[in-house]
Amino acid sequence: MPRGEPEDLRSLGARLDAVRGADARKGGPPPTSLGIAFRFGTELGAAVFVGAGLGWLLDRFLHTSPIFLIVLFCLGAAAGIRNVMRAAGELNAQAASSPATAVTNDDDDEEEK
Amino acid sequence: MAMNPMEQFEVKPLVPLHIGGYDVSFTNQSLWMCIVVAACSAFLVYAGASRRLVPTRAQSMAEIGYEFVANMIQSAAGEAGLKYFPFIFTIFMFVLLSNFFGLLPGSFTVTSQIAVTFALAAVVVLTVILTGFLRHGLGFLKLFVPKAPIYLLVLLVPIEVISFLTRPISLSVRLFANMLAGHTMLKVFASFVVLLGATAVSRTPWFAPLSIAPLFLIVAITALEILVAFLQAYVFAILTCIYLSEALYLHDHH
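In order, the protein sequence lines correspond to chains A and B. Quick note: the first sequence uses the numbering used here, first residue 1, plus one each step. Quick note: the second sequence uses the numbering used here, first residue 1, plus one each step.
Do not take every clue at face value.
Here chain A is said to cover these stretches of chain B; the calculated rule only asks that three of the stretch's residues, wherever they fall, bring their Cβ under 8 angstroms from a Cβ of chain A [as the list claims (entries may be wrong)]:
#1 12-26
#2 170-176
Take a look, some chain B residues computed to stay more than 12 angstroms from chain A by CB distance [stated by the list, open to error]:
#3 Leu31
#4 Ser75
#5 Ala76
#6 Lys142
#7 Pro146
#8 Thr166
#9 Phe189
#10 Leu196
#11 Trp206
#12 Ser211
#13 Tyr234
#14 Tyr249
Just so you know, the hints here were simulated from the structure itself, not pulled from any lab data. As the structure is a computational prediction, the values presented were derived from the model and not from experiment. Note that beta-carbon positions come from the ideal geometry of N, C-alpha and C, so glycine has one too.
Based on the provided sequences and hints, a complete structural model is requested.
Have a look at this one:
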């Protein structure tokens, strides 16, 4: 049964790819708005948490009570914002590379104008 | 009646075991991890057994999974990333099947435990660090030095280091919190059915049929949870790819 003509199958595959569009199967599903919000939230929160945690630990071992906690808390907040900027950049690159979402975005913009 | 929506996340020992003062009991958690791994292996071995040119249904499901992950790695981490296919495919399938098995009534959601997701994330980040040092030696540390004037580096290097250290935490917390929130929500809405029904029967019997209204919401939320289960597995895998690509190419890839 699997002894079909390979040439036929190959040309069928080529035609299917042409119909689907070359990279229709590439790239994952577009992220939901809730997913994006969750991603930004955890990126920001985790950085502040790690910064403050590191500062607290350093203070504990070096007996320099609030100095490292304060400094690293601020650095953690900065790192969180850096994380969110990086995540937003990734999402933008993803949206730009998949034509389907880019087209719908353009439509939305025109309707708003 | 058990109305506690968090009860489903309780880890209960099935076979108590203590070795060297540590509690290493075989729990419902371990049981469901074994079930997930066994189901995944059984499916892939069965699907891969018949190597047909025209695939059977199971084989084509396995092929779709393979192509999906291979494309994801190639687009996020390039050709060099394909060497890590077994690692990323394993993580993706484990998280995906854990999330899906957790949706079965009466099951245990492995990925709703921060211990599991953090262990997964720690393995990912350790792999990234090892890859980076093996490929670039100490040059991997350039990842923490952005292009900036030297006086700003005093500030920027600690920020980059903290930013790197947040990865295992944000990776694990995102998966764990999504699963925890979704399953808690399902349980809370399910308890509304019972509460509304019981209240209506004892006070205003003609309201009783209304108590099935939350049931329709549960159907909708279950559909959403299936999407979330897939999406979180995808996000976990794609972030692994992105982190790996940074370790593989340092900054010059993007």
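Each hint tested on the structure:
1. 12-26: violated (count 0)
2. 170-176: holds (count 3)
3. Leu31: holds (29 angstroms)
4. Ser75: violated (6 angstroms)
5. Ala76: The claim is violated: B/Ala76 sits with its nearest Cβ about 9 angstroms from chain A, within 12 angstroms.
6. Lys142: holds (17 angstroms)
7. Pro146: violated (9 angstroms)
8. Thr166: violated (4 angstroms)
9. Phe189: holds (17 angstroms)
10. Leu196: Fine: 27 angstroms to the nearest Cβ keeps B/Leu196 off the interface.
11. Trp206: Holds, because the least Cβ-Cβ distance between B/Trp206 and chain A comes to about 37 angstroms, which exceeds 12 angstroms.
12. Ser211: holds (28 angstroms)
13. Tyr234: violated (5 angstroms)
14. Tyr249: Holds, since 15 angstroms exceeds 12 angstroms.
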